[in-house]
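S.K.: If you want the building blocks of each chain, they are given just below.
There are 2 protein chains.
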Amino acid sequence: MSGQENISESVQADFLKKNTEYAATFRDGDLPLPPARHALVLACMDARLHVEKVLGIKNGECHCVRNAGGRASDDALRSIAISQRLLGTKEVHIIHHTDCGMLTFTNQQLATKIREDLGVDVGDRDFLPFLDLRESVLDDIRTIRESPLVATGTKVHGYIYEVETGKLKVVE
Amino acid sequence: MSGQENISESVQADFLKKNTEYAATFRDGDLPLPPARHALVLACMDARLHVEKVLGIKNGECHCVRNAGGRASDDALRSIAISQRLLGTKEVHIIHHTDCGMLTFTNQQLATKIREDLGVDVGDRDFLPFLDLRESVLDDIRTIRESPLVATGTKVHGYIYEVETGKLKVVE
Ligand SMILES: [Zn+2]
Ligand SMILES: [Zn+2]
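Chains as they are written, first to last, in UniProt numbering: chain H, 1 to 172; chain R, 1 to 172.
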């Protein structure tokens, strides 16, 4: 057995151990499927942004969509459409953050790294990096507001989370 | 001002109030960008699945990607590729869950609802619903393992989370 397998099994073992502790005091088994606050949060996958904790969201309150950057990707729009049409959410809160990995590369650089590491040519695929945090939030607000999959008049709010301070700043 | 605007502003006001409390005791300002546990979790956006809490993940430990269903969508593969190539994660943990909204509709039904509600024709777009929870986890494990964007030999684990009990079950 390789060292990598040991590491991986140890993460799984830890998840299962911690989950046993979580389930032991679990009392939320009767929460309904639709989010109680009728809201969806779209945030970066960053390991330092525990969305529910940072925003004080309780169990069952908000949908939470996350991807590299917290971008309004086509798949995020799929999730928002399902959330709105089938589960009654009415607003979107977008969170990007300081020290984001998406500020550190260009599509061309990542394509080169993927070719070198994996031997795969990704062509001109857009991995959705950005150069400016505030602009990326504003771009994604606009993308969601203008998407035909999103209900007209949906409130879309944008924020920057500071990983250095734990503070959330509204982007206006 | 409409009632809807009031509701939306109240969610934002609550997020900012709760975040002020969070930031007041924040002590993690020096965490590095790469996830400490070298792992990425891919889970459903469901409001009852607070991933870090359910798995006992600490700040800075794991990337967390979420979408409708926790599916291995093309955009999830984008996030995984960035996570692996630029930020050193080595394994993926996929979490689907009981009572998932993705079990409640077909593409055709959602297309009809979008046409009726929004006046938009989505054609034969796949919103990635599923009929069987265990099969959907196995499908997504396979999709990730076989993706050219994912490093060969990446460990991919699958789970079903029970929203009724708080328990995580391994899919094998
Ligand atoms: Zn980020
Ligand atoms: Zn779900």
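Be aware that a few hints might be false.
Note that identical chains are pooled: a pair holds if it fits in a single copy or bridges any two copies.
[Said to hold, decoys possible] Heads up, simulated DSS-like pairs for lysine-lysine below, C-alpha to C-alpha not over 27 Å straight-line:
#, residue 1, residue 2
1, 113, 17
2, 155, 167
3, 17, 58
4, 113, 90
5, 17, 169
6, 17, 155
7, 58, 113
8, 167, 113
9, 90, 18
In case anyone wonders, no lab produced these hints; they're calculated from the structure. This structure is a prediction, so every number in the text was calculated from the model and none was measured.
S.K.: Reference check for the pair residue 17 and residue 58, CA-CA at most 27 Å: within, between, both, or neither?
M.R.: both (23 Å within a copy, 14 Å between copies)
S.K.: Within, between, both or neither: how does the pair residue 167, residue 113 come out at a Cα-Cα threshold of 27 Å?
M.R.: neither (33 Å within a copy, 39 Å between copies)
S.K.: With identical chains treated as interchangeable, where does the CA-CA distance between residue 58 and residue 113 reach 27 Å or less: within a copy, between copies, both, or neither?
M.R.: Answer is neither: 40 Å inside a copy and 29 Å across each miss the 27 Å cutoff.
S.K.: For residue 17 and residue 169, with the copy left unspecified, which applies at a CA distance of at most 27 Å: within, between, both, or neither?
M.R.: between (36 Å within a copy, 12 Å between copies)
S.K.: 27 Å Cα cut-off: does residue 113 pair with residue 17 within a copy, between copies, both or neither?
M.R.: Classified as neither: same-chain Cα gap 36 Å, cross-chain 42 Å, threshold 27 Å.
S.K.: Go through the copies and call it for residue 155 and residue 167: within, between, both or neither, with a Cα cutoff of 27 Å.
M.R.: The answer is within: 22 Å in one copy meets 27 Å, while 35 Å across copies does not.
S.K.: Go through the copies and call it for residue 17 and residue 155: within, between, both or neither, with a Cα cutoff of 27 Å.
M.R.: Cα proximity of residue 17 and residue 155: across copies only (19 Å, versus 40 Å in one copy).
S.K.: Using 27 Å as the alpha-carbon threshold, which applies to residue 90 and residue 18: within, between, both, or neither?
M.R.: Classified as between: cross-chain Cα gap 21 Å, same-chain 34 Å, threshold 27 Å.
S.K.: If the cut is 27 Å between Cα atoms, do residue 113 and residue 90 qualify within a copy, between copies, both or neither?
M.R.: between (40 Å within a copy, 16 Å between copies)
Hint check: violations occur at hints 1, 7 and 8; the rest are consistent with the structure.
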